[in-house]
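Asker: Each protein sequence line maps, in turn, to chains A and B. Read left to right, the first sequence gives residues 1 to 316 (the numbering used here). Read left to right, the second sequence gives residues 317 to 718 (the numbering used here).
Just so you know, these hints were derived from the structure itself, not from any lab. Think of the CB as a built atom: it goes at the ideal place given N, C-alpha and C, for glycine as much as any other residue. Fair warning: there could be bad hints in the mix.
What the hints assert, rightly or not - Straight-line C-alpha distance at most 30 Å; calculated DSS-like pairs for lysine-lysine:
hint: 1; chain 1: A; residue 1: Lys124; chain 2: B; residue 2: Lys586
hint: 2; chain 1: B; residue 1: Lys499; chain 2: A; residue 2: Lys310
hint: 3; chain 1: A; residue 1: Lys234; chain 2: B; residue 2: Lys498
hint: 4; chain 1: B; residue 1: Lys551; chain 2: A; residue 2: Lys234
hint: 5; chain 1: B; residue 1: Lys475; chain 2: A; residue 2: Lys192
hint: 6; chain 1: A; residue 1: Lys192; chain 2: B; residue 2: Lys586
hint: 7; chain 1: A; residue 1: Lys292; chain 2: B; residue 2: Lys475
hint: 8; chain 1: B; residue 1: Lys499; chain 2: A; residue 2: Lys189
hint: 9; chain 1: B; residue 1: Lys551; chain 2: A; residue 2: Lys96
hint: 10; chain 1: A; residue 1: Lys189; chain 2: B; residue 2: Lys475
hint: 11; chain 1: B; residue 1: Lys484; chain 2: A; residue 2: Lys189
hint: 12; chain 1: B; residue 1: Lys523; chain 2: B; residue 2: Lys533
hint: 13; chain 1: A; residue 1: Lys124; chain 2: B; residue 2: Lys499
hint: 14; chain 1: A; residue 1: Lys292; chain 2: B; residue 2: Lys533
hint: 15; chain 1: A; residue 1: Lys230; chain 2: B; residue 2: Lys533
hint: 16; chain 1: A; residue 1: Lys124; chain 2: B; residue 2: Lys529
hint: 17; chain 1: B; residue 1: Lys484; chain 2: A; residue 2: Lys124
hint: 18; chain 1: B; residue 1: Lys697; chain 2: A; residue 2: Lys189
hint: 19; chain 1: A; residue 1: Lys154; chain 2: B; residue 2: Lys494
Unchecked claim - Here are a few chain B residues that face chain A, going by a calculated C-beta distance under 10 Å:
hint: 20; residue: Leu321
hint: 21; residue: Ala325
hint: 22; residue: Tyr346
hint: 23; residue: Val540
hint: 24; residue: Glu699
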Amino acid sequence: MKSKLSLSLCVGIVAICLLCPFETVFSQEPVQTLMDTFIALPASAHVSLRWIVPPSEAQDFSAVKFIRQHQNLGFSIDSDGNAWIGFDSQLICPTKQLTFSLSERFQQFIHLNNGAMIFSTVAKLGLALADDTRARDASGLPVLAFQPFAALPKTFSRIYKGGLCLYAVSEEPSGRSVVYMLAQEAGQKSKKLAIRRWIRLFATEQHIDALTGDGELTCFAHGSSVFYHKRSTKQMGGIFAGLAQGEVIRQLAETSGSLYYATDHRVGSLGAHQSHTIIETPFPQLSAHQDKLYVLFPNCMGVAVLENLKELEAVF
Amino acid sequence: MPVRLVSLATFLGLILIFSSCPTILEAGAYDQLLQMSGGSAPSVPEPSAPSYTPSNSYYPEQHNRPEDQEYRRELRAKKAQRQREQRQKRRQQQRRKKRNSSRRDSSAGENRVSVTPGSKLKPGEEKATSYQWPQGLPGKRYTRSSATKSSSTLKSPHKNVPSGQEAKVLAETNLSIKILRKKVNLSSQEKQLLAELEKFSRDLWLKTVSQTKIGEKDRLKAQVPLPVSDFDPSKPLPIWSTDATEASIKSKTAQATNANYHVFVDALSKFHTDKSQQLVELIGSEHAETILPGHGEAIFGNLLSLGKVSIKLAGKNYAKAGAEIIDMAISRIGLPQAQLAVEGGRIYSDVAFRSLDSFMKNSMHAVGGKFDGKAFWKNLKEEMNGPQQAFFEWIGGHEYEK
Numbered sequence: 001m002k003s004k005l006s007l008s009l010c011v012g013i014v015a016i017c018l019l020c021p022f023e024t025v026f027s028q029e030p031v032q033t034l035m036d037t038f039i040a041l042p043a044s045a046h047v048s049l050r051w052i053v054p055p056s057e058a059q060d061f062s063a064v065k066f067i068r069q070h071q072n073l074g075f076s077i078d079s080d081g082n083a084w085i086g087f088d089s090q091l092i093c094p095t096k097q098l099t100f101s102l103s104e105r106f107q108q109f110i111h112l113n114n115g116a117m118i119f120s121t122v123a124k125l126g127l128a129l130a131d132d133t134r135a136r137d138a139s140g141l142p143v144l145a146f147q148p149f150a151a152l153p154k155t156f157s158r159i160y161k162g163g164l165c166l167y168a169v170s171e172e173p174s175g176r177s178v179v180y181m182l183a184q185e186a187g188q189k190s191k192k193l194a195i196r197r198w199i200r201l202f203a204t205e206q207h208i209d210a211l212t213g214d215g216e217l218t219c220f221a222h223g224s225s226v227f228y229h230k231r232s233t234k235q236m237g238g239i240f241a242g243l244a245q246g247e248v249i250r251q252l253a254e255t256s257g258s259l260y261y262a263t264d265h266r267v268g269s270l271g272a273h274q275s276h277t278i279i280e281t282p283f284p285q286l287s288a289h290q291d292k293l294y295v296l297f298p299n300c301m302g303v304a305v306l307e308n309l310k311e312l313e314a315v316f
Numbered sequence: 317m318p319v320r321l322v323s324l325a326t327f328l329g330l331i332l333i334f335s336s337c338p339t340i341l342e343a344g345a346y347d348q349l350l351q352m353s354g355g356s357a358p359s360v361p362e363p364s365a366p367s368y369t370p371s372n373s374y375y376p377e378q379h380n381r382p383e384d385q386e387y388r389r390e391l392r393a394k395k396a397q398r399q400r401e402q403r404q405k406r407r408q409q410q411r412r413k414k415r416n417s418s419r420r421d422s423s424a425g426e427n428r429v430s431v432t433p434g435s436k437l438k439p440g441e442e443k444a445t446s447y448q449w450p451q452g453l454p455g456k457r458y459t460r461s462s463a464t465k466s467s468s469t470l471k472s473p474h475k476n477v478p479s480g481q482e483a484k485v486l487a488e489t490n491l492s493i494k495i496l497r498k499k500v501n502l503s504s505q506e507k508q509l510l511a512e513l514e515k516f517s518r519d520l521w522l523k524t525v526s527q528t529k530i531g532e533k534d535r536l537k538a539q540v541p542l543p544v545s546d547f548d549p550s551k552p553l554p555i556w557s558t559d560a561t562e563a564s565i566k567s568k569t570a571q572a573t574n575a576n577y578h579v580f581v582d583a584l585s586k587f588h589t590d591k592s593q594q595l596v597e598l599i600g601s602e603h604a605e606t607i608l609p610g611h612g613e614a615i616f617g618n619l620l621s622l623g624k625v626s627i628k629l630a631g632k633n634y635a636k637a638g639a640e641i642i643d644m645a646i647s648r649i650g651l652p653q654a655q656l657a658v659e660g661g662r663i664y665s666d667v668a669f670r671s672l673d674s675f676m677k678n679s680m681h682a683v684g685g686k687f688d689g690k691a692f693w694k695n696l697k698e699e700m701n702g703p704q705q706a707f708f709e710w711i712g713g714h715e716y717e718k
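So that you can see chain B by itself, here it is in the shape it has in the complex:
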């Protein structure tokens, strides 16, 4: 027993000795190193406890702060409340829309459920009795059948439109025309109505347009609805294909180069190639020279002959040609002389063309007094009424009198 105790004590003592041994060995090393270097141990400050400053900057630790969590909870609650209110509002709106649409259907005679305008329906009842338009989809559009149904309510146009109401009535008429045109099979009564409305629209457009005090918005809205239709609706639209085009070109080119069909004359290109030397000389000279005798200004007007090119006709046996060779006169165009009277104001055109030039827009101000005043507008109106009347006649307003 004592042997066991002694051995345990020695074992424990050995463990203690071995565990303290490295510290004993290393104890002097640090001091030795300091001594060797000839200095002292540097004073390193102890790290202080982290301190939080309340700021808006992001710290992950802030999420866990109880006051922030509370604040966030409040925010969430407010948001949820707002969303709840919005949802309720939306539902109310949808209910109102459904009620209105069911009323409209009942008035058109389509709805089987009788809904009185004043009565309130419970949501459960609505589901059971009327068709539910799925949520989230765009609103219900009128189908062709519903459009045709509503066309039965269209009336023939009023002949007497109060002044100032033309644009409004025109818009209503155009809408009626559009509704009628959407219908596929028109009854004879509807066809007559459409023709009447179309004529009325044209006449009303003329009446609207003739008003000088119409607002710009109404003016731009006033239009005649013209439909687009094929020349012959029973047959498909003829399409000019690439193959047909190429075949046509080939056949025509062959005909033209072959014989009597076409005569192609390009005198100018021939002139440029054959007579290039003479041309250079002529451009270099002071004025154009009349080479061709007997073809002066009496015949050519402002043309000044430069040269003559004789061209051999491609089709020798061409009956109308009469001769195999034709003389072409190549000319330059003479500018009108100052003393020659030319129709239209010479000075005016100079000024006006300058006004078209953006660099010279200011020149209009310099001569602006010329265009100012009532006389110019009167003249302009008188001049412009010609094309206007021609336009009105063209669209079919013969009976219209301004």
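Isolated chain A (complex conformation):
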């Protein structure tokens, strides 16, 4: 009886072992992680990260190319949360499955909060028009016509997003940087809001590396330092970033009171009471929209969105 029991037990164990997949019990599927990238968040904060454009897994994808030429990469988020990536006068929106090139070589492109997509060339500001020519470039991409709207205040001015307004920074031969703004204004008689002039806001004696704002408050970076300018009071001041002296802030992004920066190595946040490094990765590109922070990783060309960032403030 005992031997029968032990025999049936053995048979049962063998049967269970055979039926159950071995891997699910004893091992986990290996999880691939993004190379050279770390993220630091408060353990109690419910900040989450979600991929909106998956990283490229193509065997022949050359990440080195995009890392080396990160300065030519353009990255912007439109009003619907779609990521637009520009490289070598070509544009791609993977989530909308759109790709095209522009008839003129553009320097930068930005999205305003209302969804307007604005391109800047060396001397002009304009938009892309899908006309009837249906031209194609050498690589077979459709070519959209560049339609200029107005001249930039100075040639080689850089443009920056600022909510519903647009900033332009020009460098004068004396080394001074002048900040201009293009915003909707009411006329002297008509109350209708329209773009009427380039407004000269302020000038700095230093080079401006990055800029963002909302029309009233303008934040700009010079090297590793961040400063602000209030339009109504003309007040200027410094914001503590806590970066090493040699580190240069390449991008600034602003969402509902929080300020985020990107250098060649990291992404961080600057709050009213904190300065905090969030992500360490090579040459990240930033764009903020509606309390969310979008990060483009040039080492895989994936775009991830960080949500619930408001909790960062709550933690401290």
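For chain A, the structure is supplied; the task is to place chain B on it using the hints.
Answerer: Only chain B this time, still in chain A's reference frame:
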């Protein structure tokens, strides 16, 4: 007397003897030398008379040849004639220009001299009656006063612009706006006109841009002239100086390191220094390990916790902190799994990113059929019209309807 003759003869004879003496002495030396060497005198040819060959090469002697001199004279005469003709032509042109400018001035009511369009003026008369613009200087430029004078002729914009003429009318409108903006003190009528023209320029730009069959040249020329002005023209432009910047940095740094104002947390650098050993081990392992309990993918999404760093807050009495120590989760970002659905086409993004890579441009041809056809353009137009309309609204074209 004979003595004198004899002495003269002897003197002359002596002179003759002495003068021939060296030749006598040297006469045999050359032959002796030849004999000693055992040869004969070499035969040296006599130099022939120089002969000139007519060629293009430069010989200084050629200048003096009469036929060349004649040729040069002819050339000089021709050149002088040509220069004379050119001078005459230039003078004629200048006279014509003066006549035209005097006519323009008389039409603007500035010129005191009445010049009828058909009448010809003699140069002497012109000098006496009208102002002479000095020769050799660049042409006369319109001064501010002349620009303002011509602004009186500006008209309010036509509301009905014929189709196909938008670009031309826009250029004319922009020129009128530029002329008005150059004037310092605008009258109320001119201010109204400028506002009207500016609005008209914006609307016309929208109309021009909406045309799909516009030429590329006209398209690139179609612009709205935006002026540049200070936010507050009554006050000077605020300039952020170096001294102020340094002072601000110092004060902020002092505040941050001092007490409750700022809390600076750099968890990653602390993690790298303190936990470098663990990090090496984790990178070496097959997959990331979740160390922090209770913080899985449900909370962090694609984040995989690697470790925890406890950081002491700089400001101990900071009210919001609540505790002196805060736990930071250091994570790595997990790549999306193949079975996980991600917004946007995964395959598409792979193909498209390859198209951004110049090495892989040919791959677009391989999948080119996907983008070809009317459907793609229709889709593209529909997608692109959103940002376009938003742009038109932004510049103030609410009333504009396509």
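Asker: With reference to the structure, classify each hint as holding or not holding.
Answerer: Now the hints, each set against the structure:
1. A/Lys124 / B/Lys586: violated, 46 Å
2. B/Lys499 / A/Lys310: Since the Cα atoms of B/Lys499 and A/Lys310 sit roughly 52 Å apart, the hinted pair is violated (cutoff 30 Å).
3. A/Lys234 / B/Lys498: The hint holds at about 29 Å.
4. B/Lys551 / A/Lys234: Since the Cα atoms of B/Lys551 and A/Lys234 sit roughly 11 Å apart, the hinted pair holds (cutoff 30 Å).
5. B/Lys475 / A/Lys192: Judged against 30 Å, a Cα distance of about 19 Å means the pair holds.
6. A/Lys192 / B/Lys586: The given pair, whose Cα atoms are some 54 Å apart, is violated under the 30 Å limit.
7. A/Lys292 / B/Lys475: violated, 46 Å
8. B/Lys499 / A/Lys189: Status holds; Cα separation ~20 Å.
9. B/Lys551 / A/Lys96: violated, 48 Å
10. A/Lys189 / B/Lys475: At roughly 20 Å apart (the allowed maximum being 30 Å), B/Lys475 and A/Lys189 satisfy the hint.
11. B/Lys484 / A/Lys189: Cα-Cα ~28 Å, so holds.
12. B/Lys523 / B/Lys533: holds, 16 Å
13. A/Lys124 / B/Lys499: holds, 26 Å
14. A/Lys292 / B/Lys533: violated, 41 Å
15. A/Lys230 / B/Lys533: violated, 41 Å
16. A/Lys124 / B/Lys529: Distance of about 22 Å is within 30 Å: holds.
17. B/Lys484 / A/Lys124: Satisfied, since the Cα-Cα distance of roughly 20 Å is no more than 30 Å.
18. B/Lys697 / A/Lys189: violated, 37 Å
19. A/Lys154 / B/Lys494: The hint holds at about 17 Å.
20. Leu321: Nearest chain A Cβ about 106 Å off; hint violated.
21. Ala325: violated, 104 Å
22. Tyr346: violated, 86 Å
23. Val540: Since the shortest Cβ distance to chain A is 5 Å, the answer is holds.
24. Glu699: holds, 6 Å
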